[in-house]
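Chemist: Residues per chain, in single letters:
Number of protein chains: 2
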Amino acid sequence: MTHSRFDKLNASLRASSLDAVILNPGPTLTHLTGMRFHLMERPVVLMFAKDQIPAIVLPELELQKVAALPYKLQVFVYPENPSEWEDIFRRAAQALGLDGKRIGVEPRQLRLLEFRYAKAGAPEADYPDASDVLAGLRLRKDRTEVEAMRGAVKIAQAALEAMIPLIKIGMAERELAAELVMQLLRHGSEPELPFAPIVSGGPNGANPHASPGDRKLQAGDLLVIDWGATYDGYISDLTRTFAVGNVEEEYQKIHKIVQEANAAGRAAAKPGVPCANVDKAAREVIENAGYGIYFTHRTGHGIGMEAHEDPYMRGDNMQLLEPGMAFTVEPGIYLPERNGVRIEDNVVITETGADVLSDMPREMRMVG
Amino acid sequence: MTHSRFDKLNASLRASSLDAVILNPGPTLTHLTGMRFHLMERPVVLMFAKDQIPAIVLPELELQKVAALPYKLQVFVYPENPSEWEDIFRRAAQALGLDGKRIGVEPRQLRLLEFRYAKAGAPEADYPDASDVLAGLRLRKDRTEVEAMRGAVKIAQAALEAMIPLIKIGMAERELAAELVMQLLRHGSEPELPFAPIVSGGPNGANPHASPGDRKLQAGDLLVIDWGATYDGYISDLTRTFAVGNVEEEYQKIHKIVQEANAAGRAAAKPGVPCANVDKAAREVIENAGYGIYFTHRTGHGIGMEAHEDPYMRGDNMQLLEPGMAFTVEPGIYLPERNGVRIEDNVVITETGADVLSDMPREMRMVG
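For the protein sequence lines, the chains are Y and H, in the order given. Position 190 (the first sequence) corresponds to 190 in the working numbering; numbering is contiguous. Position 337 (the second sequence) corresponds to 1337 in the working numbering; numbering is contiguous.
One or more hints might be untrue.
Stated by the list, open to error - Quick list of the computed label-pair ranges, beta carbon to beta carbon: (1) Y/Gly136 - H/Glu1287: 20 to 26 angstroms; (2) H/Val1075 - Y/Met360: 32 to 38 angstroms; (3) H/Ile1164 - Y/Gly136: 45 to 51 angstroms; (4) H/Asp1051 - Y/His3: 54 to 60 angstroms; (5) Y/Val273 - H/Asp1214: 37 to 43 angstroms; (6) Y/Lys8 - H/Pro1082: 55 to 61 angstroms; (7) H/Ile1164 - Y/Gly213: 30 to 36 angstroms; (8) H/Glu1351 - Y/Ile164: 48 to 54 angstroms; (9) Y/Gly136 - H/Glu1084: 22 to 28 angstroms; (10) Y/Pro271 - H/Glu1084: 25 to 31 angstroms; (11) Y/Met360 - H/Pro1165: 45 to 51 angstroms; (12) H/Asn1081 - Y/Lys8: 28 to 34 angstroms.
Claimed, not checked - The list that follows gives simulated cross-link-like pairs (lysine to aspartate or glutamate, DMTMM-like), each with its CA atoms no further than 25 angstroms apart: (13) Y/Lys119 - Y/Glu86; (14) Y/Lys280 - H/Glu1041; (15) H/Lys1168 - Y/Glu192; (16) H/Lys1008 - H/Glu1175; (17) H/Lys1119 - Y/Asp132; (18) H/Lys1168 - H/Asp1099; (19) Y/Lys168 - H/Glu1192.
Hints listed in this document are in silico derivations from the structure and should not be mistaken for laboratory results. Ideal Cβ positions, reconstructed from N, Cα and C, are used throughout, including at glycine.
Take these sequences, add in the hints, and give me the full structure.
Modeler: So, in structure tokens, the structure goes:
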């Protein structure tokens, strides 16, 4: 498998203006090599030059990871003392003849740490943004990848269903988040979750990216839960919004609008249409209901090995949807200092339409 | 609190050759501002120029986070369309007059994404490594910080004690890791753990950074568990090594050597001595026992908000230990393709010596 992924990257490089790419630990490196490294203070860099045996620079203590690979790699190992690192990076870059070349990078992933070491080995090279070329490697999920994502959705849904009966007025967001993480693990998620669950009650729900805090659930709150699981290295990313006891009429109304927007977004998802259409379909519902200014983010983002990756469901994104693309549909309405609603599903484009991986009820359920 | 942290950074900048620093989401930004952001595809950057009101550039959907801050901040918000971002960054940099200045960065934290946007606003500036200046802000923990770390150690120890009776021959590393995460949460860890626990049996234990996999525990294995908890934003990072049933004599011997090395490292930790001394004390024990080449990493790293931060216990680090510095002491012996041992404790330097936060038994206990 990994050889064929090298072949695919070589083909992408040949079709691009790039001579090479450099990668630090992250999903692209893992997808390409099968190896996992943490982002640490010790730089790890894969240097992949067109039609050459790739080179990896890594610390001595990670040497075991390259011991039994099913493909060829040039391994450059450095000791603990940072004063020796630059020289090792230089040797790796020289082995691939990188200097003066066009070396693609992933700005969202690559840190200055790895960039500066790599650049020390190829100071006269250009380092253009290769995000698109590299995202392309992972953009269309194959059947195995979709099944892993389906597994991640199943685990997430089962975990939340197990947790719902435990939600009580007076519990802190933080407590609820911990309980949800436990349920995710108990239901089979890998320990490295795609992201820490968001559990936001009342006014905190008006902040789409709130961290669970000490606020206790109160009757009349809306409760936004945004959570996901990891299975076989692939993730799910879902949101449901609950009513804590009885909630005022406007909250019921905005929940219904978001539910319709979510359905409209899912219905717009099919091969051959621009990503923008998914955003527009969901946004129109919310705008027509008069809440347009309270839907402050795009409608969705790609998912796979990462919780946020290409393609993005944004009104200006004319990229066409293709079979195998996987993403979220997650419209929301956020009433500042009052409450928020978001409903998020996971969708994979098929040959004829879209496969919605998530099927938990979307109506507003009452908890507490 | 946050104002005084701005004051401290201003004082550090005045004492340095830097005019400003730029920070992306991470512990330094959180320490300084009290705000938490995830690292996403949307860049968030704090621009802090000496003796000016700091500026933050962030996406519209994060606006809530800056709504009720107890200090002044210039807020620059960008909409969802990336084509508009550069302009907003330029305005923020201009508001602080950053161009042509010396702007410190954290290469271990800052991604090319944020760097390139910030640089677009100050193309003629220099961007030197300010890791030391910025690490200095968090280097000496105050009493509140130490108590948070003590809490994180207590949670971690209680979680592992609760898990030990559940460890059985035939269980997969992955299963054990999930169980340990559940115990950590049940015992009060914040959901965002400092790192995914390492649970490595037999030959996997010879890889200091192995990820828990499908390998099942076997009688005769050594079992390395490296785990930690988060409490009040501060972390713990511990390791203990267990015997799965009876293990061969050499493994008992190396466990004893590592235990002695750990004790020697802890004993060397006191104010006024170089970090190198802690490394040397631990390493000498292992070298004298003839296993020096199997101790392939430094003896420890700083801990606090991050699982790896300054100061580093490395043989070449002549930085002097000072009261409030917190770090791990974690010598190990790794016999390739056979087994590994590591014993890791958390230590804080005091006025007169060191406070060892962790006190779980270090002798080799039998499990399974």
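Chemist: A separate judgement is required for each hint: does it hold in the structure or not?
Modeler: Verification of the hints:
A C-beta distance of roughly 50 angstroms is found between Y/Gly136 and H/Glu1287, which places it outside the suggested range of 20 to 26 angstroms. The beta-carbon spacing between H/Val1075 and Y/Met360, approximately 37 angstroms, falls within the hinted interval of 32 to 38 angstroms. As the Cβ distance of H/Ile1164 to Y/Gly136 is approximately 47 angstroms, the hint placing it in 45 to 51 angstroms holds. Remark: the range hint 54 to 60 angstroms for H/Asp1051 to Y/His3 is upheld by a beta-carbon distance near 57 angstroms.
For the pair Y/Val273 and H/Asp1214, the supplied restraint of 37 to 43 angstroms holds, since their beta-carbon distance comes to about 41 angstroms. For Y/Lys8 and H/Pro1082, the hinted distance range of 55 to 61 angstroms is not satisfied, since their beta carbons lie about 26 angstroms from each other. Take H/Ile1164 and Y/Gly213: their Cβ atoms lie about 32 angstroms apart, and the range 30 to 36 angstroms holds. For the hinted restraint 48 to 54 angstroms between H/Glu1351 and Y/Ile164, the CB-CB distance of approximately 52 angstroms keeps it satisfied.
The hint said 22 to 28 angstroms for the Cβ distance between Y/Gly136 and H/Glu1084, and at roughly 25 angstroms that hint holds. At roughly 29 angstroms, the beta-carbon separation of Y/Pro271 and H/Glu1084 lies within the given 25 to 31 angstroms, and the hint holds. Checked against the given bound of 45 to 51 angstroms, the beta carbons of Y/Met360 and H/Pro1165, roughly 36 angstroms apart, lie outside it. Roughly 30 angstroms separates the CB atoms of H/Asn1081 and Y/Lys8, a value that falls within the hinted 28 to 34 angstroms.
Between Y/Lys119 and Y/Glu86 the CA atoms are separated by roughly 10 angstroms; this keeps the pair inside 25 angstroms, and the hint holds. Of the pairs offered as hints, the one joining Y/Lys280 and H/Glu1041 holds, with about 21 angstroms between alpha carbons and a cut-off of 25 angstroms not exceeded. For the suggested pair H/Lys1168 and Y/Glu192, the alpha carbons sit about 23 angstroms apart, so the restraint of at most 25 angstroms is met. Restraint check for H/Lys1008 and H/Glu1175: the C-alpha separation of about 45 angstroms exceeds 25 angstroms, so the hint is violated.
Restraint check: the Cα-Cα separation between H/Lys1119 and Y/Asp132 comes to about 21 angstroms, which is no more than 25 angstroms; the hinted pair holds. For the proposed pair H/Lys1168 and H/Asp1099, the alpha carbon gap of about 61 angstroms is over 25 angstroms, so the pair is violated. Taking the CA atoms of Y/Lys168 and H/Glu1192, the gap is near 23 angstroms; set against the 25 angstroms cutoff, the hint holds.
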